[in-house]
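Protein chains in written order, with the working numbering: chain A, 1 to 508; chain B, 1 to 507.
Think of the hints as simulated: they come from the structure by calculation, not from any bench. Keep in mind that the hints are not guaranteed to be accurate.
Unchecked claim - SDA-like, lysine to any residue: derived pairs with alpha carbons at most 25 Å apart:
hint : chain 1 : residue 1 : chain 2 : residue 2
1    : B       : K115      : A       : P391
2    : A       : K316      : B       : W31
3    : A       : K388      : B       : G72
4    : B       : K115      : A       : L489
5    : A       : K316      : B       : A111
6    : B       : K115      : A       : V476
7    : A       : K388      : B       : A111
8    : A       : K316      : A       : R109
9    : B       : K115      : A       : R451
10   : B       : K115      : A       : F496
11   : B       : K115      : A       : E389
12   : A       : K111      : A       : V476
13   : A       : K388      : B       : W31
14   : A       : K7        : A       : L138
15   : A       : K316      : A       : V172
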Amino acid sequence: MTLEAAKLAAANNLWGAILPELMLAGVALLLLALEILLPRRQQHVLPDLAGAGILGTLLGLCFNWDSGMLGSETFGGLLYHSTSGQLLRAFFLIAAFLTCVIARLTLARQKMPRVEFYHLLLICTAAMMLLAQTNHLLMLFVTLETLTIALYVLVSYHRTSPASLEAGLKYVLMGALSSGLLLFGITLLYGVAGNPSLAGHAARPFHYADLAAFLTANPNHFIASLGIVLVLAGVAFKIGAFPFQIWVPDVYQGAPTPVTAFLAVASKAAGFAVLLGLCGPGAVFSSYAWLTTPVLTAMAAASLLFGNLAALTQHKVKRLLGLSGVSHAGFLLLGVVAAGATPMAIGAIYFYLFAYLLAAFAVFGVMAHLAGPDDADQELDHYAGLAKESPFLAGVLTVGLGSLAGIPPLAGFMGKLFIFLAAFQAGARAMLAVAIVGVVVSIYYYFGWIRAAYFETWTPPADAAAGPTRPARTPVGLLAGVTLGALALASLVIGFYPGPLGHWLAMR
Amino acid sequence: MRTLPFDPLLAAIAFPLASALVIASGLPKRWSVRLAYVAFAVPLLLALHTWWHFDASPKVAGYAFLTQYSTGLDAVGISLKLGLNGIAMPLFLLAGLVGFAAGLYALQSQAERLKLYLLLLLVMQGGLMGVFASVDVLFLYFFHELALIPTFIMVGVWGGRDRTYAAMKLTIYLTLGAMLSLAGLIAIYARSGANSFDLMALREHLARFPLDQALQGNLFGLLLVGLGVLVSLFPLHTWAPLGYGAAPSSNAMLHAGVLKKFGLYTLIQVAVPLLPAGHAAWASPLAWLAVIGNVLIIGFVTLAQRDLKQMIGYSSVMHMGYAFLGIATGTAVGVGGAVFLMVAHGLSVALLFLLATSVHHRTQTFALDEMGGLARPAPVLAAFLVAATFAGIGLPGFANFWGELAVFVALWQFSPAVTAVAVAGVVISAIYGLRALAQVCFGPATPRMEEIASRHPPVDLRWSERVPAVVLLTALLALGFWPRAISDPIHAALAAPATAAAAPSAR
């Protein structure tokens with residue numbers, strides 16, 4: 001490409017279309033600059049600045065919801081802007097803000113440098129927001145790698161903790177493998193779709209639309225199917241679906257709690273954004289539904305069963321949430337499977353994701369208050385007597401876990417219900433049976449956690465005299481209190497009155 | 001005829017829930033107690049209001065007090081539609097009565113962490129009123145789950161023996177039952193093609209376009225298993241005696257008395273009218289299972305119990321068998337008898353659980369072998385216990401008599417053999433009821449009782465315990481002497497759809 005052509009292309013780019021991402025990146029750079037410029041005494045404002053930057057971006061996004069570019073491509077077809085893209089942008093921003101709130105607690109107690117954390121978090125969020133709008137396989141790979149590399153650092157952020165470093169290494173190794181699979185899949189697709197000897201070969205094989213046209217013209221091509229399976233495998237790593245879940249327990253446990261929360265919610269949602277873009281109704285791989293549907297169905301069933309059964313005996317709460325997260329991925333995959341047959345499923349997936357966001361961050365927020373100096377060591381036993389000592393945290397925890405378990409009247413129930421409805425309409429009845437088994441099993445461990453917080457357990461007088469062996473709890477601050485209260489209340493209100501959110505998420 | 005400026009049904013649901021929210025947001029204990037008195041009384045007053053005005057109020061397809069609130073999901077066919085038909089109204093009244101009694105009993109119980117206890121009980125109360133006021137099938141389920149969650153926590157925190165195990169077992173069994181029922185309800189929704197969870201719309205739609213026979217059979221079977229777990233249908237009953245044995249008194253009253261009726265209620269309101277062919281296919285197996293399993297086997301198991309609360313728990317499982325038998329007949333008399341029995345049993349079992357706890361406060365034990373001679377120091381308690389036991393056995397003069405009578409009459413036409421076994425069950429229940437009564441109240445005081453009496457001289461039933469007991473006993477007697485108070489609406493509601501439902505089953 002000559003310089004002139006590059007200039008021409010640059011002139012056609014609508015930079016306004018990615019203004020939110022640019023703002024986030026700008027704030028991220030500003031943080032680094034201010035760390036050098038500001039005197040050390042005043043650096044405590046930097047986390048606030050990061051949070052404010054995220055909130056400002058979110059506000060800007062909301063005020064400029066219909067940017068006039070919805071339904072159109074920008075950057076020469078690299079990005080495609082849609083309502084669901086806007087929804088996911090808002091989703092990632094909310095998740096990032098909540099991560100900031102939890103990070104203030106955790107980082108302060110662990111005496112870790114702060115600025116880089118927020119910098120990486122913002123970069124990661126910007127990458128996810130681009131990922132949600134990608135319309136191009138290379139763009140997909142680049143944004144996915146940006147966010148994964150930022151997450152490598154974040155996972156091993158607690159650099160004096162062996163558990164955190166081990167988690168980082170595991171994430172790197174498994175991440176490298178999955179990136180390799182994804183890239184190989186992309187290469188195969190590019191190779192076939194660009195092959196001039198095949199019917200309907202694409203001029204721009206990386207572009208979703210061209211690739212889709214090629215795949216429709218060649219609905220049974222072996223190498224294309226191999227590429228599709230490899231791409232799905234790469235994405236399955238992100239969402240932690242079986243059989244690519246093996247990194248989940250260790251990484252979730254070793255990572256600092258805010259990073260675990262971000263991984264559990266935002267990273268999973270990013271994976272589903274990609275998956276919907278690839279396997280949704282009328283998406284790139286829709287002409288290969290004969291292949292993707294069985295693959296996704298098998299992954300969904302295995303994730304549901306594995307996640308719940310493996311979480312059953314966990315006493316370390318971070319691992320427990322990680323494994324239960326695998327089963328949530330299974331639920332969402334069920335929604336993706338149904339999305340091929342009924343458009344309602346897409347709304348159901350978004351609803352489920354938002355309900356999961358509210359519930360998971362409520363639980364992680366409570367966990368951050370209970371964690372001691374060793375962030376990786378969080379046991380169910382540490383929750384003993386929580387209801388007496390801090391009824392507020394116990395209440396938030398109950399709402400969060402109840403919503404994760406899918407108990408009415410909480411938002412999680414409505415999410416599961418919509419997925420059930422969608423799956424039923426799509427005729428996936430065997431899957432529904434698996435999902436019901438999963439829900440019943442999950443009640444056991446979620447309820448066990450609530451039990452640990454509420455029920456009185458007998459302690460031998462000698463132990464009682466020695467005082468509790470659990471780490472000291474952090475008192476609830478104003479910001480954390482308001483945030484957690486709002487999350488719990490939102491779960492309740494949406495459970496009772498899901499209409500507005502459902503309407504907003506385009507439930508049809 | 002609506003004389004109230006607001007919707008009585010919505011108010012009966014919302015008031016306890018709102019009170020719970022207020023208590024949760026940090027109301028001082030003194031005010032929480034006062035608010036709780038009001039919050040337990042309001043649903044009862046509203047339920048009495050709906051019962052009084054039921055005949056005169058205008059009805060659509062048998063439903064009075066109809067109102068519909070959008071939750072924004074009209075496109076999916078989900079909306080909060082409230083209303084009462086002749087079957088729902090008596091149970092709505094039951095929920096109000098038992099909720100009031102259980103609330104009063106909780107308020108005098110001096111439980112630890114009383115605020116949390118009242119809060120959970122109020123959530124349960126709100127959910128229960130919602131169960132029987134919902135015309136939308138999804139909200140029927142929704143409110144049931146809402147009322148169920150407090151049970152798990154209450155058993156675990158305030159429960160008696162084996163509470164952790166009991167809470168866990170209860171949770172898993174009831175979740176399994178609820179999930180299977182939900183799957184069945186969703187299946188009806190999805191396969192009917194009505195695109196609505198509204199029971200009235202579903203009835204209308206399925207009356208015109210019935211599902212095919214095999215599908216109806218499968219769905220009815222699924223619902224029967226799911227709801228059967230919730231109603232402790234043999235052999236899925238094992239959670240019930242254990243859970244009731246461990247549950248705190250007010251919770252056991254509300255669960256055994258009212259919440260458990262959800263399963264039967266859903267069978268009567270949803271499964272039987274919507275899946276008539278399924279009902280016809282399952283009627284015979286259900287009848288035999290209920291009579292052999294719930295009535296006979298559990299009857300003998302109850303005979304063997306040496307623990308007062310466990311015995312009441314098992315007897316409640318046994319009485320559910322009669323309700324299942326009434327449903328199995330499918331006739332207006334049989335199903336109506338089942339509804340009547342549900343109300344009567346709800347009142348009598350709640351009264352029994354209340355009195356059992358009061359007995360425990362005086363004897364410090366539930367073991368029947370250690371008790372004796374309670375009638376001398378506590379004659380009023382003994383009198384109540386006698387009345388409650390007679391009601392449980394089904395003596396004339398109490399509401400249970402009419403329910404059982406109607407079930408037996410309908411059952412005779414259905415199958416004389418089943419009827420013979422079922423009537424034998426009444427003898428069993430008379431044996432264990434009277435034997436327990438004799439052991440607790442009469443006879444000489446055992447050495448253990450004298451030892452306890454020397455430390456804590458037993459006092460008679462206090463007024464704070466008498467009032468809730470009187471409420472329940474009055475209702476039992478009122479229905480026993482004036483069954484038409486609820487039997488007319490029940491019959492009116494069943495006569496029309498039941499003839500339609502009975503037509504294909506008359507093979």
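Status of each hint after checking the structure:
no. : hint            : verdict
1   : B:K115 - A:P391 : 12 Å, holds
2   : A:K316 - B:W31  : 40 Å, violated
3   : A:K388 - B:G72  : 38 Å, violated
4   : B:K115 - A:L489 : 20 Å, holds
5   : A:K316 - B:A111 : 33 Å, violated
6   : B:K115 - A:V476 : 22 Å, holds
7   : A:K388 - B:A111 : 15 Å, holds
8   : A:K316 - A:R109 : 20 Å, holds
9   : B:K115 - A:R451 : 18 Å, holds
10  : B:K115 - A:F496 : 24 Å, holds
11  : B:K115 - A:E389 : 15 Å, holds
12  : A:K111 - A:V476 : 18 Å, holds
13  : A:K388 - B:W31  : 20 Å, holds
14  : A:K7 - A:L138   : 21 Å, holds
15  : A:K316 - A:V172 : 23 Å, holds
Of the hints listed earlier, those the structure fails to meet are numbers 2, 3 and 5, in rising order.
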